[in-house]
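J.: Make a model of the complete structure from these sequences and hints.
Residue numbers (our numbering), protein chains in the order written: chain E, 1 to 292; chain H, 1 to 292; chain R, 1 to 292; chain Y, 1 to 292.
If you're looking for bench data, these hints aren't it; they were derived computationally from the structure. Please read these numbers as outputs of a predicted model, since none were measured by experiment. In this text, a Cβ means the ideal position worked out from N, Cα and C, and glycines have one as well. Heads up, some of the hints might be wrong.
[As the list claims (entries may be wrong)] Lysine-lysine pairs mimicking BS3-like chemistry, simulated, CA-CA at most 30 angstroms apart:
{"#": "1", "chain 1": "E", "residue 1": "K217", "chain 2": "H", "residue 2": "K163"}
{"#": "2", "chain 1": "E", "residue 1": "K217", "chain 2": "H", "residue 2": "K131"}
{"#": "3", "chain 1": "E", "residue 1": "K40", "chain 2": "E", "residue 2": "K131"}
{"#": "4", "chain 1": "H", "residue 1": "K45", "chain 2": "H", "residue 2": "K131"}
{"#": "5", "chain 1": "E", "residue 1": "K194", "chain 2": "H", "residue 2": "K163"}
{"#": "6", "chain 1": "Y", "residue 1": "K110", "chain 2": "R", "residue 2": "K194"}
{"#": "7", "chain 1": "H", "residue 1": "K240", "chain 2": "Y", "residue 2": "K163"}
{"#": "8", "chain 1": "E", "residue 1": "K145", "chain 2": "E", "residue 2": "K45"}
{"#": "9", "chain 1": "Y", "residue 1": "K217", "chain 2": "R", "residue 2": "K217"}
{"#": "10", "chain 1": "Y", "residue 1": "K194", "chain 2": "R", "residue 2": "K194"}
{"#": "11", "chain 1": "Y", "residue 1": "K194", "chain 2": "E", "residue 2": "K240"}
{"#": "12", "chain 1": "Y", "residue 1": "K131", "chain 2": "Y", "residue 2": "K194"}
{"#": "13", "chain 1": "Y", "residue 1": "K240", "chain 2": "E", "residue 2": "K194"}
{"#": "14", "chain 1": "E", "residue 1": "K217", "chain 2": "H", "residue 2": "K240"}
{"#": "15", "chain 1": "E", "residue 1": "K194", "chain 2": "H", "residue 2": "K145"}
[Unchecked claim] Example chain E residues on the side facing chain H (calculated, C-beta under 8 angstroms, incomplete):
{"#": "16", "residue": "S165"}
{"#": "17", "residue": "A170"}
{"#": "18", "residue": "H195"}
{"#": "19", "residue": "L206"}
[As the list claims (entries may be wrong)] Have a look at the derived ranges for each label pair, beta carbon to beta carbon:
{"#": "20", "chain 1": "R", "residue 1": "R112", "chain 2": "E", "residue 2": "G87", "range": "48 to 54 angstroms"}
{"#": "21", "chain 1": "E", "residue 1": "G23", "chain 2": "H", "residue 2": "K131", "range": "47 to 53 angstroms"}
{"#": "22", "chain 1": "E", "residue 1": "F75", "chain 2": "Y", "residue 2": "L237", "range": "56 to 62 angstroms"}
{"#": "23", "chain 1": "Y", "residue 1": "N276", "chain 2": "R", "residue 2": "R103", "range": "45 to 51 angstroms"}
There are 4 protein chains.
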Amino acid sequence: MKIGFLGLGNMGTPMARNLLKAGHDVTGYNRTRRRAEELKAQGGKAAATPADAVSNVEVVITMLADDAALEEVMFGNNGALPAMKTGSIHVSMSTISVSLVERLTEEHGKHRQHFISAPVFGRPEAAEQAKLFIVSAGPAEPIKKCNPIFSALGQRTFDVGEKPSAANVAKLGGNFLIAVTIESFAEALTLGRKHGLDPQIYFEFLTETLFGSPVAKTYGSRIARDNFEPVGFRLPLGLKDVRLALAAAESAAVPMPFATVIRDQMLEALARGMENADWSAFARVVAENAGL
Amino acid sequence: MKIGFLGLGNMGTPMARNLLKAGHDVTGYNRTRRRAEELKAQGGKAAATPADAVSNVEVVITMLADDAALEEVMFGNNGALPAMKTGSIHVSMSTISVSLVERLTEEHGKHRQHFISAPVFGRPEAAEQAKLFIVSAGPAEPIKKCNPIFSALGQRTFDVGEKPSAANVAKLGGNFLIAVTIESFAEALTLGRKHGLDPQIYFEFLTETLFGSPVAKTYGSRIARDNFEPVGFRLPLGLKDVRLALAAAESAAVPMPFATVIRDQMLEALARGMENADWSAFARVVAENAGL
Amino acid sequence: MKIGFLGLGNMGTPMARNLLKAGHDVTGYNRTRRRAEELKAQGGKAAATPADAVSNVEVVITMLADDAALEEVMFGNNGALPAMKTGSIHVSMSTISVSLVERLTEEHGKHRQHFISAPVFGRPEAAEQAKLFIVSAGPAEPIKKCNPIFSALGQRTFDVGEKPSAANVAKLGGNFLIAVTIESFAEALTLGRKHGLDPQIYFEFLTETLFGSPVAKTYGSRIARDNFEPVGFRLPLGLKDVRLALAAAESAAVPMPFATVIRDQMLEALARGMENADWSAFARVVAENAGL
Amino acid sequence: MKIGFLGLGNMGTPMARNLLKAGHDVTGYNRTRRRAEELKAQGGKAAATPADAVSNVEVVITMLADDAALEEVMFGNNGALPAMKTGSIHVSMSTISVSLVERLTEEHGKHRQHFISAPVFGRPEAAEQAKLFIVSAGPAEPIKKCNPIFSALGQRTFDVGEKPSAANVAKLGGNFLIAVTIESFAEALTLGRKHGLDPQIYFEFLTETLFGSPVAKTYGSRIARDNFEPVGFRLPLGLKDVRLALAAAESAAVPMPFATVIRDQMLEALARGMENADWSAFARVVAENAGL
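T.: Below, the structure is given as structure tokens:
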């Protein structure tokens, strides 16, 4: 398939590479040109503008840092949206706001293009190994057409219906649950430490009995070791996702007290200078607030 | 081994039965005599008072509803503590306060008896099937001696050190994490429902990707189905455990913002008349507060 | 002075009238024309567009519902900003976001116009009686020139410095404190009611001893009587102000746990159908959550 | 009147002295004898035990640090309760738990004695100047008899009914509102500081417009100056009162989210080593958490 790939960062680069490996014809665009040249060196093509990357393809994939970056490549100078062919498909795979998903759904409709929201779960290592989880939503026919793409990128895709924003909400809720895991393990392990429990033993007890989800194992282990390296996803990006979840909650009148606690903990972490730390490092706020 | 078993409720009865099956000599005591008679019918002995149940045994197991009940059987009229033999072992398996564990540690020491804290994870079904998880703490020699008991009751025992209260804190932290799972899945699924996500599909997506702990599967499924039957553990008992966790946190100066949110949700559930519901039903408060 | 007044709602209309009474030459603009005609009937002038209202004046006052409304009259079709004379002054008196204040400061600077932020405290009755409190910030000379205007509108003006956004933050913090008063009196009076205290007696005790601020007297009395009529300021506007405070807090990395609690209570009130109630009615959520 | 006064601390000593000045016959008891001797030097009598202090009086006043101290003097060795005369009155003026008030109501009833709950608002300076506020509850006749006592101690007494615990709840709710004032001014002033507002100017603006309660003036000024000296009431005592309020709330199924926030802030303050600071110093936690 001919694919335009916009956004070649820590996640986008390994994803585009996996599409090449699967035999697709991939044209990449990135704000800093060097990343697109690297893709070219691996068998892809490099485009100078978003419009150039998408004008001749069936599927456009976007994987960008935030709403502003996506708006820029779609609606900005030499933007992708007006350059896309009638009947082509935009698959938005980054974590963006519900309101932007709704706007894109509407704009692509006006241009007789298709829009699918298909955000992913997984850190850069999972992207590399094509082990992402994908949650997709959108009209049935275009989703069917994109299945080979999803297979090349992830270990499993979950279809949650025809309304694109539903996939986005599913993703935001998932990121919220990761943050909940971080905060809750931080609280439990801090309580334990202050009462003389060895954090490593306590972590093993918890994850080998009732609380052994993949997320708990990954993040709980970091908290037990009090070591938040390497940095896979920076704290301000984590805060951004919580903010998007709270905005989606506010627009639907849903109180989410846990999400508000997490937001405050992350702000506290930023105020203490952790803006370059991995987002899981906000667990340290819990320990520090207990005098550890 | 000769064992005195105090407290034959929903949990204690199947536990005592499993000890009988494993060949131990078990004398049971329960506040309402009928339960002890049932144990007798199954090959055990029935005692009329706590003192009678323990005066001639090597190991005393207690499995009672709360601090007050345990204080009554240990220190009250015909209480167990003064009747226990020198060198015998008290294994406290219910969820009690850190301060009562500390008091028992001290009192048994004065009487030259041993004290082990070994609370369990698992609902009555798990007790029945000898599938409990046990977290033990106390002096090494008595714990070693009790290993056959733990094997007869649970699928695995975790030893967390010599300080009995540490096992208790481990258990309170675990119950806290179960309540966190309930609240967080309630928030995520409510957010999803109000944005058009099918709760069953969203639950499956979450637990089959990153969040699939045993606790998430059990309780998340109840929340997705909005059905909190059968009642395994009543809400006021759940609130009691959160209260004990908060007390342990307060005594060690540990802020636990998630625990305080949960406490408020449970009080709200009680105020709405859910005192006979399963404790997981406080998830309904989240949905109702969002207008569902 | 020649004044252009944009926004003739519940607050703007009595304010513009007070400026007429004080002898100023006031041209009014409102999205729905009727309000401007009413002002004309009282001795003012009616303009058809924002640009018409401001093209010939020394001072432009804006009093609009939210950021979007202000952006529309300033930057939209026939907007005020490009029509204002060099050296004229824009006095923004409504409660808007810190980021919009910063944008206006910059844009007016580019057009060699002056910008003052001067939001007000007070409900429509206070506006009518020229009893508003005004908190102003901006360059010294223009503020001095506007003092007669402030005198005609309010009982007292507080100057908080040269940076316009500071006045805005001061106002948002003040609205936050009103919401805090509502929530805290609701919690205290609910606790009292459930323990048999008469809410009216308890309210009097509190406000006649240590807690007798004007805000506590106004809102505490509503809560004690459980009567939130008349509607002076609708709940969604109250939520908007809390959202703006939280955004200002987030941009400066300030955790505000009380503000997050209030946000959740207001969302809960909206989910229960209170969108047309006075914002103080979110106190009912506190009572209802305790089963009252 | 013949009065026994139990508890001659920072509050009790000036109160007992004011009773002497008003012409009453006061016998004092304190755990550390020296305080009672000082009272003797000022015209009172010194008793060696609680029983000695009360065996011959009409009215017994207690002013002690906490539940445990009051239980000790009433029910402990040489305790006051069995030594009090039939028909005499116990006026409990310290801040104690609702459950202890209920127990005292019952026990005094059994001994055909009267029990009044009459806690006070005010710091030691107010006690000195007989400027306390008193909130009383209990049977009408004994309260009437105690009016001269209340007049000698405070500036005003509020009678809230016949049920003694109601006065106690009123007091706990009041202390909660003081803590709310501290937290909320800390949040607002911190937000202001991080946006360039001078805290002193902002404090004046707030307290001279809508938020000028006596409590806001006293504590807001401390926060604006970031100076929490002198220490009138230590942080652990403040936490104790919040704990009592939360216990009263829990027993009546009242969620109090603001109270739970305050509890966490106080624990954080303790974890940072503020156990000897004035309780208002927990405001510093808010500033520090924002990086100030």
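J.: If a hint holds in the structure, say so; if it does not, say that too.
T.: Verification of the supplied hints:
This hinted pair checks out: K217(E) and K163(H) have alpha carbons roughly 26 angstroms apart, not beyond 30 angstroms. Restraint check for K217(E) and K131(H): the C-alpha separation of about 22 angstroms stays at or below 30 angstroms, so the hint holds. For the given pair, K40(E) sits about 23 angstroms from K131(E) by alpha-carbon distance, which is consistent with the 30 angstroms threshold. For the hint linking K45(H) to K131(H), the alpha-carbon distance of about 24 angstroms falls within 30 angstroms, and the restraint holds.
Restraint check for K194(E) and K163(H): satisfied, since their Cα atoms lie roughly 13 angstroms apart, inside the 30 angstroms limit. Restraint check: the Cα-Cα separation between K110(Y) and K194(R) comes to about 26 angstroms, which is no more than 30 angstroms; the hinted pair holds. Of the pairs offered as hints, the one joining K240(H) and K163(Y) holds, with about 28 angstroms between alpha carbons and a cut-off of 30 angstroms not exceeded. Restraint check for K145(E) and K45(E): the C-alpha separation of about 22 angstroms stays at or below 30 angstroms, so the hint holds.
Note on K217(Y) and K217(R): the hinted pairing holds, with a Cα-Cα distance of about 16 angstroms set against a maximum of 30 angstroms. Distance check on the hinted pair: K194(Y) and K194(R) sit about 40 angstroms apart at the alpha-carbon level, beyond 30 angstroms; violated. Simply put, K194(Y) and K240(E) have alpha-carbon atoms about 21 angstroms apart, close enough for the 30 angstroms limit, and the pair holds. Proximity of K131(Y) to K194(Y) is assessed by CA-CA distance (about 38 angstroms); at most 30 angstroms being required, the pair is judged violated.
Between K240(Y) and K194(E) the CA atoms are separated by roughly 21 angstroms; this keeps the pair inside 30 angstroms, and the hint holds. Annotation: proposed proximity of K217(E) to K240(H) holds, straight-line Cα distance about 28 angstroms (limit 30 angstroms). At most 30 angstroms may separate the alpha-carbon atoms for a hinted pair to count; K194(E) and K145(H) meet this at roughly 29 angstroms. The beta carbon of S165(E) is positioned within 8 angstroms of a beta carbon in chain H (closest approach about 6 angstroms), and the interface hint is therefore held.
Taking 8 angstroms as the C-beta cut-off, the interface hint given for A170(E) holds, the closest approach to chain H being about 6 angstroms. Annotation: interface hint on H195(E) holds; nearest CB of chain H at approximately 4 angstroms, less than 8 angstroms. With a cut of 8 angstroms, the hint placing L206(E) at the interface with chain H holds, because the nearest CB-to-CB distance is about 6 angstroms. In this structure the hint that R112(R) and G87(E) lie 48 to 54 angstroms apart at CB holds, the actual value being about 51 angstroms.
Taken as a hint, the range 47 to 53 angstroms holds for the pair G23(E) and K131(H), whose Cβ atoms sit roughly 49 angstroms apart. Taking the beta carbon of each, F75(E) and L237(Y) are about 60 angstroms apart, inside 56 to 62 angstroms as hinted. About 48 angstroms separates the C-beta atoms of N276(Y) and R103(R), a value consistent with the hinted range of 45 to 51 angstroms.
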